[in-house]
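Undergrad: Let the sequences and hints guide you as you build the complete structure.
Here the sequence shown is numbered in the working numbering, starting from 1 and rising by one per residue.
To be clear, the hints were calculated from the coordinates, so they are not data collected in a lab.
Virtual Cβ for every residue (Gly too), placed ideally from N, Cα, C.
Hints may contain errors.
List of simulated lysine-lysine pairs, DSS-like, C-alpha gap at most 25 Å [as the list claims (entries may be wrong)]:
1) 565 to 502
2) 439 to 660
3) 488 to 502
4) 657 to 439
5) 657 to 632
6) 79 to 141
7) 578 to 565
8) 141 to 70
9) 568 to 501
10) 632 to 488
Now the in silico label distances, taken between C-beta atoms and shown as ranges [stated by the list, open to error]:
11) 97 to 18: 35 to 43 Å
12) 301 to 81: 14 to 22 Å
13) 652 to 443: 24 to 32 Å
14) 305 to 236: 37 to 45 Å
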Amino acid sequence: MEFFLLILILLAIIGLSSFINHFLPYIPVPLIQIALGVLLASLPIGIHIPMDPELFFVLFIAPLLFHDGKNVSRQALWKLRKPILFLALGLVFVTVFAIGYLIHWLIPSIPLPAAFALAAILSPTDVVAVGAISSRVKIPKTIMHILEGEGLMNDASGLVAFKFAVAATVTGFFSLAEASWSFLVIAIGGLAGGAILAILIIRLKIFIRRLGMEDVTIHMLIQILTPFVIFYIIEHFHLSGILSVVSAGIVHAIYRDRDQSPAMQLQVVSQSTWTVLIYLLNGLVFVLLGLQVPSVTNEIFKNPLFNNWEVSKYIIIITAALLFLRFVWICTAWWWGWQLKKQLEKPSIKNIGIITISGVRGAVTLAGAFTIPFVLADGSPFPDRALIIFIAAGVILVTLIVASIFLPILARSEKGNTEELKEEMERAALIRTADAAIKAIRELMNDDNHGAAVSVIATYNQIRNRLIHASDEYSDQLKLVEMEIRMKALKAEAQYVESLKKTGRIDRETMYVTDEHIQRMRLAVTNRMQYRRLFLWSLIKRSLYMLFQLFMRQDEKRLQIRKEKSKKLIQLKVNMAKAAIQYLKEQITPENEHIYLVIIGEYNEMIMKFKLAKKGVDQIHYTQIQRELRVKAFQAERNEVQNLFEEGVITIDIIRKIRKQINIREAYWMEETSVHSH
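TA: Now the structure itself:
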């Protein structure tokens with residue numbers, strides 16, 4: 001029961017981290033999850049989860065890397081294979097030796113083989129952490145592909161180097177030739193073994209389908225078990241389980257692309273299942289990392305043999321050295337490649353800085369550090385094991401914080417501060433939010449709410465129309481075109497009334513009322529100020545007439561006649577609006593579609609209101625439906641704004657400004673519907 005409650009608490013923390021990130025989007029989710037993990041471990045409720053590295057790798061790292069292998073761009077991996085291998089292999093081994101010697105010089109109590117072990121476990125970058133941070137900044141695609149490829153490959157090279165360094169520390173023996181040969185066998189064996197097992201599993205699924213078993217549940221179960229089974233089998237033969245799941249993911253992606261008849265239901269279920277699974281596993285990785293931090297730090301800070309300031313200084317120096325070495329290595333490799341092949345892009349400090357800062361250490365580093373044995377071959381304690389784990393945890397936190405602060409600054413466009421770019425960014429974002437709202441309303445539209453839905457969509461089309469043609473010069477031109485179209489629509493209404501007059505289907509009084517209506521609408525299009533004065537005067541006359549009717553006693557017959565005339569007039573106006581819509585639909589073209597749709601939307605809304613008035617439908621019910629649809633539309637806007645920020649399309653100040661605009665419009669529109677409903 002306690003284990004079940006612990007799982008519930010961890011899942012609740014993952015949900016809470018997303019909730020916090022929604023209101024503090026500038027703080028990456030991994031940092032929030034680590035902080036919540038630290039907070040949970042610090043509470044006096046006795047929660048402690050011991051780190052079992054072997055279980056951690058098979059339970060978390062295997063499915064995460066399998067998923068990344070399935071979704072990484074294979075064309076980009078092959079095209080960028082040289083820079084990826086330079087980072088995933090070359091930089092790893094340079095880091096082991098250079099940082100290893102630095103650690104031994106900085107902390108003489110750590111022997112050289114153990115210092116190499118610490119440097120090796122600090123060499124892999126965390127593709128999960130980089131992905132979480134880069135989701136809210138706009139990193140160039142080429143750089144992102146390099147970082148993804150590096151993150152997939154350097155885990156294996158770093159862990160293999162780490163195992164040899166630990167073995168050398170424990171036994172006191174090390175052979176470079178043997179280590180190099182073993183590395184090739186482990187790496188190639190892992191890649192080949194993962195690919196072979198993936199092909200066998202795919203063949204198994206094809207065989208099951210040929211038997212007529214299209215059960216989505218069975219196929220989904222095999223898909224979920226695949227990374228765990230492959231990792232476990234390959235590790236059993238002492239090969240690289242990490243590279244095996246990466247290659248298995250790539251093989252599955254190749255099969256998915258070539259399969260011409262996949263079950264659509266399986267695709268939908270697979271995508272949804274993996275989305276939830278990866279979300280939970282990513283969250284658990286960082287929450288568990290946070291849970292380990294208090295025990296690791298307490299072991300050092302409470303130990304009188306260690307000076308707290310000194311060990312903190314070690315972390316800062318080692319992190320700075322890792323980033324500096326990474327920067328120099330990338331500069332050298334890129335400049336050298338550019339000198340050899342002039343068609344390559346000339347290296348820029350900005351791009352080199354992005355790749356450098358993105359070298360975040362993560363869960364693999366901490367899990368690997370916990371695999372360090374407690375004793376050596378002679379039975380003596382492993383030298384400074386607690387300090388090594390503490391430094392590994394500290395470097396993870398510092399690299400995460402550095403990337404969170406500086407990556408958005410480096411990835412920002414050089415023109416990111418100009419007002420013109422900000423305005424364009426905001427305008428594009430507002431158009432996308434309006435599109436999201438329109439899409440949401442169209443998905444909810446049915447026979448019951450059709451009129452209210454058309455009304456809401458028409459409003460958003462007006463907003464969208466103004467945004468698309470926001471420049472002053474274009475706006476003036478747009479107003480002239482819109483005026484011309486409206487006048488032609490009114491002409492279509494007048495022609496319809498004229499056709500009724502010719503066939504004798506309209507009386508003189510109704511003819512006079514409709515002519516007056518068309519004249520008022522023409523005035524509204526051409527002279528807004530005069531129309532407002534006329535409208536105000538008509539409103540006063542109508543009020544006086546209604547007041548006069550209150551004092552005049554009328555019989556039921558006259559009231560009935562007036563109601564019948566009112567209904568006929570309403571039906572006539574509906575038919576006039578339909579005639580205008582018919583004309584507009586005939587004239588519409590792709591170039592002027594945005595203007596015509598707005599005007600058609602206004603006519604449709606007018607027709608709906610006339611029909612409701614004719615039927616005597618409860619206006620309160622109509623307003624309530626409209627209010628509910630607007631609530632959905634506003635939520636769709638907010639969701640789209642959050643997505644835009646997470647994609648790095650808009651900045652934090654723009655997201656705040658847009659949210660404020662949405663709140664103001666919501667308050668105004670909701671107040672408007674409240675007034676109409678009473």
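Undergrad: Run every hint past the structure and note whether it holds.
TA: Hint check:
1. Between residue 565 and residue 502, the direct Cα distance comes to roughly 20 Å. Compliance with the 25 Å bound is thereby established for this hinted pair.
2. With a CA separation close to 22 Å, the supplied pair residue 439 and residue 660 stays within the 25 Å bound.
3. At most 25 Å may separate the alpha-carbon atoms for a hinted pair to count; residue 488 and residue 502 meet this at roughly 21 Å.
4. Among the hinted pairs, residue 657 with residue 439 is consistent with the structure: their alpha-carbon atoms are about 23 Å apart, no more than 25 Å.
5. Distance check on the hinted pair: residue 657 and residue 632 sit about 20 Å apart at the alpha-carbon level, within 25 Å; holds.
6. Distance hint between residue 79 and residue 141 is fulfilled; the C-alpha atoms sit about 13 Å from each other, no more than 25 Å.
7. Between residue 578 and residue 565 the CA atoms are separated by roughly 20 Å; this keeps the pair inside 25 Å, and the hint holds.
8. About 18 Å separates the Cα atoms of residue 141 and residue 70, which keeps this hinted pair within 25 Å; it holds.
9. Distance check on the hinted pair: residue 568 and residue 501 sit about 15 Å apart at the alpha-carbon level, within 25 Å; holds.
10. Between residue 632 and residue 488, the direct Cα distance comes to roughly 35 Å. Violation of the 25 Å bound is thereby established for this hinted pair.
11. Distance hint check: the CB atoms of residue 97 and residue 18 are about 41 Å apart, consistent with the given range 35 to 43 Å.
12. The hinted range of 14 to 22 Å is not satisfied by residue 301 and residue 81, whose Cβ atoms lie roughly 44 Å apart.
13. Separation of residue 652 from residue 443 is about 30 Å and conforms to the stated range, judged on CB atoms against 24 to 32 Å.
14. For residue 305 and residue 236, the Cβ-Cβ distance of about 40 Å falls inside the hinted range of 37 to 45 Å, so the restraint holds.
Of the numbered hints listed earlier, those contradicted by the structure are 10 and 12.
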